[in-house]
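Chains A and B are the protein sequences, given in the same order.
One point on numbering: in the working numbering, the residue at position 326 of the first sequence is 496, and numbering is uninterrupted.
One point on numbering: in the working numbering, the residue at position 61 of the second sequence is 231, and numbering is uninterrupted.
The reader is advised that the hints may include incorrect statements.
Unchecked claim - Within a straight-line C-alpha distance of at most 30 angstroms, the following computed DSS-like cross-link-like pairs (lysine-lysine) qualify: (1) B:436 to A:180; (2) B:437 to A:180; (3) A:456 to B:193; (4) A:437 to B:180; (5) A:323 to B:456; (6) A:262 to A:378; (7) A:439 to B:456; (8) A:439 to B:193; (9) A:323 to A:517; (10) B:572 to B:517; (11) B:180 to A:439.
To be clear, the hints were calculated from the coordinates, so they are not data collected in a lab.
There are 2 protein chains.
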Amino acid sequence: MATINENYLKLQGSYLFQTVARKVHEFESNNQGARLIKLGIGDVTQPIAPAITAALHRAVDEMGAAETFHGYAPDLGYEFLRNAIVENEYRKRGIDIEPDEIFISDGAKSDCSNIQEIFDHNSLVAVCDPVYPVYVDSNVMAGRAGNFSEETKHYSRLIYLPCTEDNGFIPDFPKIKPDLIYLCFPNNPTGVAITKDRLQEWVDYALKNDAVILYDAAYEAYINDDQLPHSIYECSGAEYCAIEFRSFSKNAGFTGLRLGYTVISKKLKLHGESVHSMWARRHGTKYNGAPYIVQRAGEAVYTPEGSRQIKEQIATYMKNAQYLKSALAGAGYTVYGGENAPYIWLKTPRGLSSWEFFDLLLNNAGVVGTPGSGFGSHGEGFFRLTAFGTYENSREAIARIKCL
Amino acid sequence: MATINENYLKLQGSYLFQTVARKVHEFESNNQGARLIKLGIGDVTQPIAPAITAALHRAVDEMGAAETFHGYAPDLGYEFLRNAIVENEYRKRGIDIEPDEIFISDGAKSDCSNIQEIFDHNSLVAVCDPVYPVYVDSNVMAGRAGNFSEETKHYSRLIYLPCTEDNGFIPDFPKIKPDLIYLCFPNNPTGVAITKDRLQEWVDYALKNDAVILYDAAYEAYINDDQLPHSIYECSGAEYCAIEFRSFSKNAGFTGLRLGYTVISKKLKLHGESVHSMWARRHGTKYNGAPYIVQRAGEAVYTPEGSRQIKEQIATYMKNAQYLKSALAGAGYTVYGGENAPYIWLKTPRGLSSWEFFDLLLNNAGVVGTPGSGFGSHGEGFFRLTAFGTYENSREAIARIKCL
Numbered sequence: 171m172a173t174i175n176e177n178y179l180k181l182q183g184s185y186l187f188q189t190v191a192r193k194v195h196e197f198e199s200n201n202q203g204a205r206l207i208k209l210g211i212g213d214v215t216q217p218i219a220p221a222i223t224a225a226l227h228r229a230v231d232e233m234g235a236a237e238t239f240h241g242y243a244p245d246l247g248y249e250f251l252r253n254a255i256v257e258n259e260y261r262k263r264g265i266d267i268e269p270d271e272i273f274i275s276d277g278a279k280s281d282c283s284n285i286q287e288i289f290d291h292n293s294l295v296a297v298c299d300p301v302y303p304v305y306v307d308s309n310v311m312a313g314r315a316g317n318f319s320e321e322t323k324h325y326s327r328l329i330y331l332p333c334t335e336d337n338g339f340i341p342d343f344p345k346i347k348p349d350l351i352y353l354c355f356p357n358n359p360t361g362v363a364i365t366k367d368r369l370q371e372w373v374d375y376a377l378k379n380d381a382v383i384l385y386d387a388a389y390e391a392y393i394n395d396d397q398l399p400h401s402i403y404e405c406s407g408a409e410y411c412a413i414e415f416r417s418f419s420k421n422a423g424f425t426g427l428r429l430g431y432t433v434i435s436k437k438l439k440l441h442g443e444s445v446h447s448m449w450a451r452r453h454g455t456k457y458n459g460a461p462y463i464v465q466r467a468g469e470a471v472y473t474p475e476g477s478r479q480i481k482e483q484i485a486t487y488m489k490n491a492q493y494l495k496s497a498l499a500g501a502g503y504t505v506y507g508g509e510n511a512p513y514i515w516l517k518t519p520r521g522l523s524s525w526e527f528f529d530l531l532l533n534n535a536g537v538v539g540t541p542g543s544g545f546g547s548h549g550e551g552f553f554r555l556t557a558f559g560t561y562e563n564s565r566e567a568i569a570r571i572k573c574l
Numbered sequence: 171m172a173t174i175n176e177n178y179l180k181l182q183g184s185y186l187f188q189t190v191a192r193k194v195h196e197f198e199s200n201n202q203g204a205r206l207i208k209l210g211i212g213d214v215t216q217p218i219a220p221a222i223t224a225a226l227h228r229a230v231d232e233m234g235a236a237e238t239f240h241g242y243a244p245d246l247g248y249e250f251l252r253n254a255i256v257e258n259e260y261r262k263r264g265i266d267i268e269p270d271e272i273f274i275s276d277g278a279k280s281d282c283s284n285i286q287e288i289f290d291h292n293s294l295v296a297v298c299d300p301v302y303p304v305y306v307d308s309n310v311m312a313g314r315a316g317n318f319s320e321e322t323k324h325y326s327r328l329i330y331l332p333c334t335e336d337n338g339f340i341p342d343f344p345k346i347k348p349d350l351i352y353l354c355f356p357n358n359p360t361g362v363a364i365t366k367d368r369l370q371e372w373v374d375y376a377l378k379n380d381a382v383i384l385y386d387a388a389y390e391a392y393i394n395d396d397q398l399p400h401s402i403y404e405c406s407g408a409e410y411c412a413i414e415f416r417s418f419s420k421n422a423g424f425t426g427l428r429l430g431y432t433v434i435s436k437k438l439k440l441h442g443e444s445v446h447s448m449w450a451r452r453h454g455t456k457y458n459g460a461p462y463i464v465q466r467a468g469e470a471v472y473t474p475e476g477s478r479q480i481k482e483q484i485a486t487y488m489k490n491a492q493y494l495k496s497a498l499a500g501a502g503y504t505v506y507g508g509e510n511a512p513y514i515w516l517k518t519p520r521g522l523s524s525w526e527f528f529d530l531l532l533n534n535a536g537v538v539g540t541p542g543s544g545f546g547s548h549g550e551g552f553f554r555l556t557a558f559g560t561y562e563n564s565r566e567a568i569a570r571i572k573c574l
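Chain A with its partners taken away, still in its complex shape (with noise of 0.2 angstroms):
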C-alpha cells in the first residue's frame, strides 16, 4: 500500500513566499486598480543586458542548425562556462579552484536544497536564525529536522544560530556540535555581510569539529566593501570543509534563465570519501544539465560588455538600497543592510508582529515587503525590503511609508 513521505507533514504552512503571493492576490482581487509596489519576493526587474540577449540569440541560431546543434550538455556543464567561472569569480581573487570543481546547475536554490541528500540521513544541522527557508524546509522533507514546536517555533533536531542585533547578525557557534552548517553572506535575508576574520573562525569551527559548511553565496556581486569576501574559499582550509554555491539570478538578473553553480574542491573528503564524487553522481543521475543557449548567456556575463553591463545593473539596485535604507533611518525607523547586499532589514515600528506590519503596510501603503518571521523566530519583530524594484517605485514607498 503506498503511502507518503510524512516528513512533508511536518512542514509548517506553506512556503513562505507563497503565502505572500496568496495575501497580495486577495488584496489585488478585492482593490482592483490599487498599484502595488512590490519589494517583497527577491525577484530583479531590470531586463537581461545587451550583451546576454546577444549571446542568447546566437546559441539560438546554433540550436536551430545540424552543424552548431547541442544536445545532453556535459555532466558538469560545458567547460567554456566553468573556465570563465573559474577564471573570473576565483582565479582573480587568488583562489585556487579547478573548472572540474564546478558543477553548473539551473540555480543555487535547488543545489542548496538537493546538496543534502548526499550526507547521512542523521545529520544535526544548524542554520541560521533568521534563515532562507529552503536550507531548513529541505531537511524537514528529508526527516533530519525532527518535530516542530508551536511554542518555540523550532524544529527539534535542527540546531538554531540566532542572527540578532546583539550580534549584529552574524551567528555566535553553537553549544551542540553540527555535522552540516548552513550559512549565507551576504545575508538574506538580513542584509548583512560578514567579515573575512569572522568567516576564517567559522572555517576553523568547521576544520576544527569535522563539520560541512554550506555557504550560499548568492549576493556576493553586491559587495561594495573591498574587505568583505566573496568566496569562503579566501579562507584558509575552506577548501577542505566547505560547498559555496553561486547564482548568476541576482548578479545578472537570470530569475527567469536559472543558472547556478555548486563549487567542491575534491580535497574534501569525509571518512576518506570524496564528496566531490558524490555530488557528481547525484548530479549525473538526477540531473540533465542547465539548456545550453542558457549557459552561453552565463558565459557573456563574463565578457567585457556583459561585465560592465551587470555591474551597472547592481550599482542601479543598490542606489535604490542606500536610498531606501537612509530614507527609512531618516524616517525613525530601524534599519540593517543594505550595504552590500540588496536587503533591507527593517525593525517593525511600535512593537507590531511581522505579519502586522505586512498587512498594514500592504492595505494601507500598497507595499508588499516580507515578514521577518517568516525567516524564523528570531526574525520575528522584523521586515525585509528588497532594492530590486525601480528607483521610482522605491522613493514611491518610502513617500507611502511615511504616511503610516
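Fit chain B to the supplied structure of chain A, relying on the hints for placement.
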C-alpha cells in the same frame, strides 16, 4: 562529525552512460581520426525546428526589455504552456486533465528521479528489468533499494519485473505487492510499446493493491499504431493511481533545451493526503522553474508550424528505426522494438555478453551502442541501438555491422 549518505556506496559502478562515454573517449584517444557512429546514448541529432527557434528569439527579445522581462516563473510553470499541453496532449484524446494538474520542469529525468521523495522511505518499489537506470539509482540513493547482490545483480529490496522475449517485454504482475511501480512505454530500452488493454490491467492492479504507477511516457510521440495509448490516463481509473512523466526531449529535440512535465491528478490521494499537494510543495520549495524562454519554446511545439516540423523530425528518426530493424533482421539478427519507439533492442549474436558485443562493435566497427546488461540482468545478451542518428550514419553503421 559530518558523514556521507552511505546509500550512495551501494550504487553499482558509475552511471551507465558515463561508463559508455569513458570507453568511447578512450577509443577516440587511441584511434585518432577514426570516425565513430554513435547510436548509444539516446540523444537527438536534428536541430531545433524553425518555428521553435523563432519563438526562442522572440522570448529572448522579451527578456531584453524592461516591459516584457520575466523573472521567477509561476510555481507550476506558465499557464500558456500548461494550457497548450492540456489541450493538445490530453483533451484532444478525450482525457480530462486540468492545467493545474501539470507541473512544468526541466525534464523527465529530474522528475522521474525526484518523485520518489514524496513517498514513504520504506515503500516497496517495482521496476522493470531491463530498466532506465534512473528509477533504480534514485531509490538506491534514498535507501529504499537494500543491498546489491553480485550474484543476482539485483538489489534486495527492489521488486524486479522481468521483461523478456517470453512475455514480449511486457511485465507480468509480481508475486510481492509493490507500493510504487515504475513503468515506461514505449519502453526504454526495449523499444516495445504496451497495448491499452494491457496497460488497463496494470492500472486495475494498482487500484486493487493501493499502489501508485509512475508512468514514464517520454517516447509517446513515436507511437505509429493508432490503437496504442499515448497516456496512462487513457485507461479508466488511472487518475486515482498514476503519475505521468512527459518530456520535450525526444518529441521536439529539447535534450539541450531541457523541458518536461509531470501530471498528477488532484484525485490521486493516499490515506486522504493529496499527492498533487505534496509534489506542489516539493516543486515550490526545491525548484525554481524552467526558463521562460524555454517554456515559450515548448508552447511553439503546439503551433501548426511547430507541430508539422516536429512530426517531420520524428518521421526521419522512425525511418532510421525501420531501416535499422529490417536491415539487422535481414543480416540474421533477432531484433525487437523500433516500430513505436526510437530504440532497437537486438539479441547479441553467438552468445556474446552485452559488454563483449559493445567492445566488438566499438573496436571492430566503430559503432557505439548501449549494452543491454547496463539496464539490468534481464538485459544481458541484448544491445540497444537508437534511431537518433542520421539516415546516412544508420546505413553506414549497418554496412559496418554486416562486416563483423
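Quick rundown of the hints versus the structure:
1. Using a Cα cut-off of 30 angstroms, the hinted pair residue 436 (chain B) and residue 180 (chain A) holds, with the two alpha carbons roughly 21 angstroms apart.
2. This hinted pair checks out: residue 437 (chain B) and residue 180 (chain A) have alpha carbons roughly 23 angstroms apart, not beyond 30 angstroms.
3. A distance of roughly 22 angstroms separates the Cα atoms of residue 456 (chain A) and residue 193 (chain B); the hinted pair therefore holds under the 30 angstroms criterion.
4. A threshold of 30 angstroms between alpha carbons decides the hint, and for residue 437 (chain A) with residue 180 (chain B) the separation of about 23 angstroms falls inside it, so the pair holds.
5. For the suggested pair residue 323 (chain A) and residue 456 (chain B), the alpha carbons sit about 22 angstroms apart, so the restraint of at most 30 angstroms is met.
6. Only pairs whose Cα atoms come within 30 angstroms are accepted, and residue 262 (chain A) paired with residue 378 (chain A) is accepted, the gap being roughly 29 angstroms.
7. Restraint check: the Cα-Cα separation between residue 439 (chain A) and residue 456 (chain B) comes to about 26 angstroms, which is no more than 30 angstroms; the hinted pair holds.
8. Restraint check for residue 439 (chain A) and residue 193 (chain B): the C-alpha separation of about 27 angstroms stays at or below 30 angstroms, so the hint holds.
9. Simply put, residue 323 (chain A) and residue 517 (chain A) have alpha-carbon atoms about 20 angstroms apart, close enough for the 30 angstroms limit, and the pair holds.
10. At roughly 15 angstroms between alpha-carbon atoms, residue 572 (chain B) and residue 517 (chain B) fall within 30 angstroms of each other, so this suggested pair holds.
11. With a C-alpha separation of about 18 angstroms, the suggested pairing of residue 180 (chain B) with residue 439 (chain A) holds against the 30 angstroms cut-off.
Checked against the numbered hints given earlier, the structure satisfies every one of them.
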